[in-house]
Amino acid sequence: MVVETVRNALRLVDCDQNAVRLGLTRGLTLADARARIPDLVVVEAEPQADQRLIERLAAFCDRFTPLVALDPPHGLLLDITGCAHLFGGEAALRAMIAERLRAGGLNQRSAIAGTPEAAHALSRFGAGGIVPPGEDEAMIRPLPVAALEIGAETVIALSRAGLKSVGDLAERPSMALSARFGEDLAIRLRRTLGREDVRITPLRPAPACMVERHFAEPLLDMQGLEAVVTRLIAEAARLLEQRGEGGRAFEISLFRTDGAVRRLGIETGRPSRDADAILRLYRERIDTLADPLDPGFGFDAVRLAIPVCEPLNTHQPSLDGRAVEDEAVAELLDRLVTRFGRDRVLRFAARDTHDPRREARAVPVAAPASAIAWPAPEPDEPPTRPLQLFEPPQPIETLAEVPDGPPLRFRWRRVLHEIARAEGPERIAPEWWRDGPAEPARDYYRVEDAQGRRFWLFRAGLYERENEMPRWFLHGLFA
Amino acid sequence: MNPKPAPLALADLRRSLAEAALRTAPAAVGRVSFGAPALDEPLGGGIARAALHEVYAPGTADLAAATGFAVGLTIRAAQMRQVLWVRQDVLDAETGRLHPPGLAELGLDPARILLVRARDAQDVLRAGAEAARCSALGAVLIEPWGEPRLFDLTASRRLALAAEASGVTTVLLRASARQDASAARTRWLVRALPSRALEANAPGDPAFSLRLLRDRGGLGEREWRVEWDRDRQSFHERSAFQERPAFQANPAFHERAGNQGRAQDAAPLSRPLVSFPADGPAAEGARGPGFRRAG
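Residue numbers (the working numbering), protein chains in the order written: chain A, 1 to 479; chain B, 1001 to 1295.
Bound-form chain B, shown alone (with noise of 0.2 Å):
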């Protein structure tokens, strides 16, 4: 007699082993990692846990990959504690309502959520200030509709001083194309990146494309591109060698996808923007394979 293991045993053992490798991450003190070493070593181990963070999305067409940037970043950030998200109602129609079985998918429990739906940009910034002083909380995601006029430098002002004080990681999320001065710790741009293709050309694992565009440590503008592994709850950074053009699986596509297809798939790799000589040997030994491969 040999039972089998039910598959859902395996799942619950997979999950209890991602959660204590959340617990017992040798992450730094008082950073929250990304578990990718190509994001967490030139940050200093991650970004400061008790801190606000800034996600932004370049317009409402990638609010949902910054949602989903912000989401994984909470998973880490929050280590199994409550989370607490405000919302404001007009997002329920323009980008939809929170789907609490997605959230699932992603890894964050949706019974760890407590949400805070805001009237206005207002109730808002009451609702984040309030909760970023808790210090039960494990994060707080503050979603603010537009570019209202009250999330000036002031109101950021506030809300990382609560954070700081209390020690919750808090992350404001926002579409928006304008970008005030803030008092935010680190500032990400993210978009929404072609996923490496599953079988019979499924798309995959959700992947961001990163752009810190400010970071108080000193830590100039860079990129990256990540996915997001919910069953280790951790981003990995997706290297050059992994990217699978769209068009290789199924022709059909490739005809379509046609040069346009291609441009995309050429976009530069994770490198540092500035300091290196474009001639230099250490950028052409960056450069070189990739944009081959994908050219």
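Looking at chain A on its own, in the form it has when it is part of the complex (with noise of 0.2 Å):
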């Protein structure tokens, strides 16, 4: 028995066949129930963990087919257009879904139709079953109209009108409905009685190429893992060459006995099929593992999915060798970045902006290179830019200031800076359409201290225009 609290009230939203059995309703409510029933066991209802069953019940079904939708509540749908064979049919996938999730403790109802929309009816507002192709609306007329999804008060003003079940509906006009009731229940009455087909939208989008391994016995070992790896891998690339495409990402699936499933990404940044690179990316993404592989009690299945492909066409290698060291500088940044993850393994990108702490940003190497180039030095001159920046800049207090002038020396991190040379100031204007107009104007200097060390200094604001007390600040330190 399950409850929660609807309407300020305590009311059961579910309950079990015994329950039923007794006379309980949904929407009853506990006191009601209690009364009834005294020794009654209730659960307060969970929404959250019920979430995350079915998401995990969904990764389970992705072994049966790729193609796996939620249909709340507490539902799935699953497109097994053209992968009902390869579990011996439809009937026997059905029965072997209904048998896994048997063992897990679960009741479930199923039905396979035409369109999404019968199958969803027949499970719960029919007897379930499988629909002989093109029986669909014989098997749906009988059902109430309730089984369209169309909402409470449509279904009552429907029953008002004597429109008890589906094939009462589907006698009438449908422009006449469509008046009435809005053109949802014209739709839905298409889709359900299956004269309308539309697919499901996936929790996970579709691959564009995927080779799979369902395995008799449940695989333990995992060196035999990896050959199943190798091999699939291999498939893979085979398939990828007759296509004249390469994979941008690739994604390996280990299906568990006891339903678990754990996927392992790879990404690359260029398109590949060369099934050695893949597979030590795949061992390189096996080591960073932080929690390692845990086969359980076996794998059922192992999938390898590319979900994006990109045309790749074999070229000959340049003479120079400029395109071998290009090739080998890519596969190494593949490593690093499954190794270390996507936004650790990074090249600089220029910004078109006058702000120096917007002028750069990293960017992960596999984004697209930026057109604005680094501006270039100007020749004979020392650096203007320091080597590191502080982000945000630190806070100095100042000594022996003098106006429209740098500080004869300064305190940084507790240690004194006597300064001995100084250039500056460069003032830098905020950007105030980002800024907005409070930010101050920066003063910068270059200074060196009397060690020799350079440092990049500012005013935050103007003397006496600006503000009383400026505040002085390092941002950079120079070589």
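Because the hints were derived from the structure by calculation, they are not lab data. Take the hints with a grain of salt, since some may be wrong.
Restraint ranges, calculated between C-beta atoms of paired labels, are given here [claimed, not checked]:
hint	chain 1	residue 1	chain 2	residue 2	range
1	A	Arg411	B	Ser1239	51 to 61 Å
2	A	Glu426	B	Ala1111	24 to 34 Å
3	B	Val1090	A	Glu426	29 to 39 Å
This structure is a prediction, so every number in the text was calculated from the model and none was measured. A virtual CB, placed ideally from N, CA and C, is assigned to each residue, including glycine.
Make one complex out of these two single chains by using the hints.
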């Protein structure tokens, strides 16, 4: 018995079969139910936990077909077009899923029909089962109109009009129905009756290319697993070669017998179908797992999916060896990305701004190159921008300030620096369109202390114009 | 009609000349030269290309200078190929994050840099070893933070072997007072050096005080004072005659710097630390004018 607070009262939201036999129904308040049956076993509803369970079930069902969608509440839709024969036909597949779920302690009802809506209606409002092709309409007609999932008000309105079953509706002209109840009803009706078919939107988009292996006996041994993965990769590489494509991303799904699914993703910087390189990345990925692969009671199935493919033409390496070098660097980057993650292997991209804080950013190596060039340094001038930049700038304590000049000495991280040489100011105005008008202008100075350390200091604001006592910051370090 | 050459074209020309010089420099085979004869000659044409080299800063304060020196070495070693820089995350807070325009101003094109941000010392070591094995890279810069125990003799030997096998110059950059045993070919201690002031007492080109702490080639401990010339992409030695005290240009600074500043400027010339008798003619000849002038 599951209860939840609905309209200020604890009400039953779900009952098991025993409760139904005792005459309890959904929507009854808990107080009424207790009055009828004093020793009720009651559990608080946990929609999030239910959602998690359903998502795990969806992952489990992924082994039967890559197209799995959620069908709330507490339902799953599987598009088994072209998959059923792999599991011995539709009936065998349905029985297998039912068996596996029952073994997991779950009750289920299922239907296989021509359209997702028809299957939904049959499993929830009918007897379930398998609809032979073309007989959807006959099976759906006797179902109540609620099976169309059109909202409680519409159902009541329809039943007041004497339209109790889907069959009653199906005979009416759809123009009249949509004029009275909206286009939605007509659409639902057409889809449920199998007159119109719409694909489901799967939880995980279907990969462009995939290969998989199902085992008769659960696979326990990790070396065996690697052998299987090796063969899958070789097979995928052949498929890709036939298509003239290479994969940018690969995903290995390991389906465990107890329903848990482990997915290992690999990305490459450029399209690849080099089986050895992919296998190396896979090994790298296994090495870097925070929690090692646990076969549990063994793996049922292994799938290699390639979600992203791009055209890849074999080309002759150029004579200067540059292409070979680029290839080697790209492979190294792939390995590093696999090991450390995409946000840790970076390159720099310039941005079109004069604000040193925004001038550059680090982007993942796989990101498209930006068209903005780096400003060329001025010949015969020492560096005017620091090698290292603090973000945010570090406040410093200045001593012996002079207006419109750098301080004579300053203290940073408890060390006093005597300024021996200085250049400035270079005034950098804030970008008011980003920072707002309150941001003060900054006067930058390149300074060098008596030991030869070079710093980039700035004063936030101008003396007596923007604020009384401007603050000083250290923004960067020069070589 | 005599169209003026655009300044940009001139800059391009200079750069392409510098690049051409880099490519065709008559460097000894398998060496990375500094471009400064004073360094290259004793070292036999520069430092070994396929090797691990260590650049130490005596403390965090000099890490920026050490980084600048390492960048210079990297530019000379990479020869327009890509450079992989492994950096530990903590450094971003301690010494600031890398600023690409600043790297460009030192002559290292930011587009050629691949940056790996590592969470901890172990990741730094892993990424560094992986990169050092890739012969297509121009150079690898490895920058861990602090004095992790992981960077022991075994770790450095692994890096050194990887660098030797691939031929990639690998530079380990560290701010640390402690210097562990390592398999590196050379070890440098780099300090910031007061630059030669430009007009109006502005700080000049990056200058470093180098100390070769160890060289497997057999060269003893030595010191040099060098500057980095970005336009020629080379180091050059600073002779004592080029030293210009900070306080000459600006009397105000003179007063403040006082005797301390003089003592700073009186740092010794580049010379061998041992093997010359103090009263010998060679030593006298080398030291005399420098000291007088600075003192």
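Hints numbered earlier in the text: which of these fail when held up against the supplied structure?
The structure conflicts with hint 1 only, although it agrees with all the remaining ones.
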